[in-house]
Amino acid sequence: DARVTQTPRHKVTEMGQEVTMRCQPILGHNTVFWYRQTMMQGLELLAYFRNRAPLDDSGMPKDRFSAEMPDATLATLKIQPSEPRDSAVYFCASGPGALDNQPQHFGDGTRLSIL
Amino acid sequence: DQQVKQNSPSLSVQEGRISILNCDYTNSMFDYFLWYKKYPAEGPTFLISISSIKDKNEDGRFTVFLNKSAKHLSLHIVPSQPGDSAVYFCAAIPGTASKLTFGTGTRLQVTL
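Sequence order for the protein chains is A and B.
Read in order, the letters of the first sequence correspond to residues 1 to 115 in this note's numbering.
Read in order, the letters of the second sequence correspond to residues 1 to 112 in this note's numbering.
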């Protein structure tokens, strides 16, 4: 079974440090999404890409967050500098085709704790 | 502003009975709806979807109902099984855009 792979699974660091989360989408999927799960907001879309081009990052705090796709097999989400309020589970998902309503496949997430 | 709302944070149902999970939305542009299931320490997995041109979609034990006039959808699980215990997220997407908007989830506990 093809899966979205996220690394690391857990990250604990002190505030002010740079955090990089990585995602390997399912081979052949051309859309990649970054979500953040918090208790209060549920799953929030941070950014998404189609064919490696960023299409929407309006959900992402621009001053400290950045998302990129250096190549078709890697998506990254960076936080610099990190703050305690960034503590959450970050999910990457990939989608199979040009239609945006095709179900997305999620990775198992990166649990981030900023002390 | 929560455009997709799941007002019941948790639900407990006895094995074999029906589970009904509810979802309300406010954006009339939403025309495709999905349900995802999430186990602890795993990512959400797609369960079932429905287009706004339908009012019902069925897949095995899972049925999703859509009431467009009430901006309400529900997921029925019959019969409920212990393995169905998970968090269920409702999600919606407008036809011409790409943002999938999720609700805050409902934790279903199926008891023996």
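Fair warning: there could be bad hints in the mix.
[Stated by the list, open to error] Pairs of lysine-lysine, DSBU-like flavour, derived with a Cα cap of 30 Å:
1. B:Lys68 x B:Lys54
2. A:Lys62 x B:Lys54
3. A:Lys78 x B:Lys68
4. B:Lys56 x B:Lys37
5. B:Lys71 x B:Lys56
6. A:Lys62 x A:Lys78
7. B:Lys68 x A:Lys11
8. B:Lys68 x B:Lys5
[Said to hold, decoys possible] Short, incomplete list of chain A residues facing chain B, as computed with Cβ under 8 Å:
9. Leu43
10. Leu46
11. Ala53
12. Pro54
13. Phe91
14. Gln104
15. Phe106
16. Gly107
17. Asp108
Just so you know, the hints here were simulated from the structure itself, not pulled from any lab data.
Glycine residues also receive a C-beta, built at the ideal position from the N, C-alpha and C atoms.
Hint check:
1. B:Lys68 x B:Lys54: Measuring from Cα to Cα gives roughly 9 Å; hence the hint holds.
2. A:Lys62 x B:Lys54: violated, 39 Å
3. A:Lys78 x B:Lys68: violated, 39 Å
4. B:Lys56 x B:Lys37: Distance ~19 Å between Lys56 of chain B and Lys37 of chain B Cα, so the pair holds.
5. B:Lys71 x B:Lys56: The hint holds at about 14 Å.
6. A:Lys62 x A:Lys78: Roughly 11 Å between the alpha carbons, so the hint for Lys62 of chain A and Lys78 of chain A holds.
7. B:Lys68 x A:Lys11: violated, 42 Å
8. B:Lys68 x B:Lys5: Holds: Lys68 of chain B and Lys5 of chain B sit about 15 Å apart, inside 30 Å.
9. Leu43: holds, 4 Å
10. Leu46: violated, 11 Å
11. Ala53: Nearest chain B Cβ about 12 Å off; hint violated.
12. Pro54: Hint on Pro54 of chain A: violated, closest Cβ of chain B at ~12 Å, above 8 Å.
13. Phe91: With Cβ-Cβ at 5 Å, under 8 Å, it holds.
14. Gln104: For Gln104 of chain A, the interface hint holds, since the closest Cβ of chain B sits about 7 Å away, which is under 8 Å.
15. Phe106: holds, 3 Å
16. Gly107: Given a least distance of 5 Å, the restraint on Gly107 of chain A holds.
17. Asp108: holds, 5 Å
Violated hints for the displayed structure, listed by number in ascending order: 2, 3, 7, 10, 11 and 12.
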